[in-house]
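Colleague: Using the sequences and the accompanying hints, generate a full structural model.
Chains as they are written, first to last, in our numbering: chain A, 1 to 360; chain B, 1 to 327.
In case anyone wonders, no lab produced these hints; they're calculated from the structure.
As the structure is a prediction and not an experimental result, all values here were calculated from the model.
Just so it is clear, CB atoms sit at the ideal spot from N, CA and C, and this is done for glycine as well.
Do not take every clue at face value.
Listed next, the in silico BS3-like pairs over lysine-lysine satisfying Cα-Cα at most 25 Å (straight line) [claimed, not checked]:
id: 1; chain 1: A; residue 1: 158; chain 2: A; residue 2: 179
id: 2; chain 1: A; residue 1: 236; chain 2: A; residue 2: 179
id: 3; chain 1: B; residue 1: 316; chain 2: B; residue 2: 303
id: 4; chain 1: B; residue 1: 83; chain 2: B; residue 2: 63
id: 5; chain 1: A; residue 1: 231; chain 2: B; residue 2: 263
id: 6; chain 1: A; residue 1: 144; chain 2: A; residue 2: 161
id: 7; chain 1: B; residue 1: 3; chain 2: B; residue 2: 56
id: 8; chain 1: A; residue 1: 236; chain 2: A; residue 2: 158
id: 9; chain 1: A; residue 1: 158; chain 2: A; residue 2: 168
id: 10; chain 1: A; residue 1: 161; chain 2: A; residue 2: 231
id: 11; chain 1: B; residue 1: 196; chain 2: A; residue 2: 297
id: 12; chain 1: A; residue 1: 144; chain 2: A; residue 2: 158
id: 13; chain 1: A; residue 1: 236; chain 2: B; residue 2: 263
id: 14; chain 1: B; residue 1: 263; chain 2: A; residue 2: 297
id: 15; chain 1: A; residue 1: 297; chain 2: B; residue 2: 197
Between beta-carbon pairs, the in silico distance windows are [unchecked claim]:
id: 16; chain 1: B; residue 1: 122; chain 2: A; residue 2: 68; range: 49 to 59 Å
id: 17; chain 1: B; residue 1: 102; chain 2: A; residue 2: 172; range: 42 to 52 Å
id: 18; chain 1: A; residue 1: 140; chain 2: B; residue 2: 269; range: 25 to 35 Å
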Amino acid sequence: MNTPILRTEELKAYYVLDLHGTQKVVKAVDEVSLEIRENEVYGIAGESGCGKTTLLKTLVASIEPPLRLIGGKVYYRVTDLDGIDLTTISPSSSPGAEGDRWWTSGEVDVSSLSPETKRRLRWEYISYVPQGSMSVLNPVTKVKETYRDFIRSHASGKTRKEAFELAKEQITELGLPLKTLDAYPHQLSGGMRQRVTIALAALLNPRVIVCDEPTTALDVVVQRGVVQLLKDIQAKLNNTIVVVTHDMGVQANIADRVGIMYAGKIVEESTTERIYGNPAHPYTQYLINSLPRFGDKTTRESVPGSPPSLADLPGGCPFHPRCPYALDICGEQMPSFTRLEPNHRVACWLVGEGEDGKTA
Amino acid sequence: MEKLLRVDNLTKVFSLGSVLSRIRITAVDHVSFHINPGEIFALAGESGCGKTTAAKMILGFEKPTSGDIVHKGKRGEKSTNEKVWFTEGVQAIFQDPFGTFNPLRIVDRYFFETIHNYGLAGSREEAIALIEEKLHAVGLNYEEFSGRYPSEFSGGQLQRISIARALLTDPVLLIADEPVSMVDASLRMSIVNLFKKLRDESGVSVLYITHDLATAYYVSDRIAIMFRGHIVEMGPVEDVLMNPKHPYTTLLRESVPEADPTKRWSERISLTELEHEEYLRQGCKYAGRCPHATDICMSEVPKDVYVGNVFVKCHKYSGDATPSAVV
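Modeller: What follows is the structure, given as structure tokens:
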């Protein structure tokens, strides 16, 4: 098993909204403990509004009001090998009695870092490809100018020519046509823009690339091209890719391990083979069994009911109002994780009482 | 059996660019198909293949450059009366359930408006009874529906409300343009199952326009695959998707990600051509990417042929099949 590169501990990130004096709290990420390892593709699946995007935002430390980090920690494992001078990484608060907390055994607590350090870690250590990223490219400059801006702000001291050389080299290596560099974004198709954005995110060889719905809104053939590109990048850089998508077909194709998210919590996590072959949580079972398959026309059922509002969650397990197997206890108490296998944990009362520490 | 809807040589040409450098793109190029009563017909293809333009022409939102749309033996596009007669029988469901409804209007008003426009009820009580009946058909009830704004519903619920509204006129054909692509994955099947139920219980036909071949396989009886304005393959869904003949259908079918980690893609694909380059291509539009392309594919548009009961537009089959004139 590879060492964890990104770790969260009981992460809680809520949107706190002030509406005419009454406070509304949207629990988008609620006590999530994750371990994402080196050299793997980790998939996060769940329906829209379950907190997937917010989880990613906290992972890349891009937390802006109304989103607030309420509790928990995000740790990055940074080593000298990543080409980042560790001596330049400094905590935001002055070192004192708690001064050694931000640095334990190669792990950095992200919330303690200064904004400048966070800015440097972004793209060089962790890259974020946001949802709808085909529209992030600057519409009034050519793609190569975007590349140059990007290189200049992170790898200073390169001339214009060197920057273009680097861009060309990377574009060729990833099998994208060279003419994209000389095109304006509107001249490229959505799938091509998506692939250029992903290529840009991989340019500085980051250890972690986080992609939010990279294949959504793309055609199947283009979708396949994006998955192929992500796999190529992962094989080339031997890094970690976190892919968030609701498309279980894409997850099956790319992920090594999958975490299923429901209403701000991870409810099941295992290797892709086990999640698809042996799903334990009723929600996961519905997600997988509802998918139509070629050569099989038997009736498929959707998950009953509708997803809950994160501002007004039901008590106990958030899935219990939709769950056909709900027990009395499900409405009262959130189950903690039960480990079915070393690699397979699930939070459901039907599966077990939960002996694996606290709920997540 | 009389065809419910017949589309004959439907063509739409769009002009791009200025007067001096004009390019003409044939978004829909001599497309012909028909829909029988009580069947779900899927029109599948990638974005930019012309499937939405075809739907818009059927619904009368775009004027065809040439070709005929015949509903129950009549061309319903001349006078206002004919339009009303046409839309009463043919109703539409759109892709984005959030965009379908005005966020500042309660959803009931759309229902009352439709009832008023078609004169479907004599009194408010009758109207409410009709709305209740249609909401029941899509699995909602009037109490949880009335007086609420679109933002109070989930995407899946809104899409069902949209279908219930379309059902008010007792249509014989629903035209559903990508009805599930904006709906949550966990709720998709409830919408698709609804189409099945409407077909089986009320004999409603559906033109299901989609890029999702997996749901198309699950729900439809016949399917047409469109590519750059042409129908390249059409026939019973079992034949077309389980045993694809056109190389493009094969590529599409293989590119659908299967929810099975043991069936990952192993072959690589290349994506380089730009969309309008393919539109402007002489000969077969797919020739630039086709692994079986020969010289004739580059220069000549393939003829329409039937292989068994499947329509194919590919030079591979032009030698050994019957010409389409027989059908």
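Colleague: Next step is simple, just say for each hint if it's right about the structure.
Modeller: For each hint, the structure was consulted:
1. 158/A with 179/A: Roughly 22 Å between the alpha carbons, so the hint for residue 158/A and residue 179/A holds.
2. 236/A with 179/A: 23 Å, holds
3. 316/B with 303/B: Within the cut-off at roughly 10 Å; holds.
4. 83/B with 63/B: Holds - the C-alpha atoms of residue 63/B and residue 83/B are around 14 Å apart, at most 25 Å.
5. 231/A with 263/B: Holds, because 15 Å separates the two Cα atoms, which is no more than 25 Å.
6. 144/A with 161/A: 11 Å, holds
7. 3/B with 56/B: Holds: residue 3/B and residue 56/B sit about 20 Å apart, inside 25 Å.
8. 236/A with 158/A: With Cα atoms ~23 Å apart, residue 236/A and residue 158/A stay inside 25 Å; holds.
9. 158/A with 168/A: Roughly 14 Å between the alpha carbons, so the hint for residue 158/A and residue 168/A holds.
10. 161/A with 231/A: 29 Å, violated
11. 196/B with 297/A: Judged against 25 Å, a Cα distance of about 12 Å means the pair holds.
12. 144/A with 158/A: 14 Å, holds
13. 236/A with 263/B: Holds, because 23 Å separates the two Cα atoms, which is no more than 25 Å.
14. 263/B with 297/A: 19 Å, holds
15. 297/A with 197/B: Distance ~14 Å between residue 297/A and residue 197/B Cα, so the pair holds.
16. 122/B with 68/A: 49 to 59 Å: The hinted range 49 to 59 Å holds for residue 122/B and residue 68/A, with Cβ atoms some 56 Å apart.
17. 102/B with 172/A: 42 to 52 Å: Check passed, 49 Å falls within 42 to 52 Å.
18. 140/A with 269/B: 25 to 35 Å: With a Cβ separation near 32 Å, residue 140/A and residue 269/B satisfy 25 to 35 Å, so the hint holds.
Violated hint: 10 only; the structure is consistent with all others.
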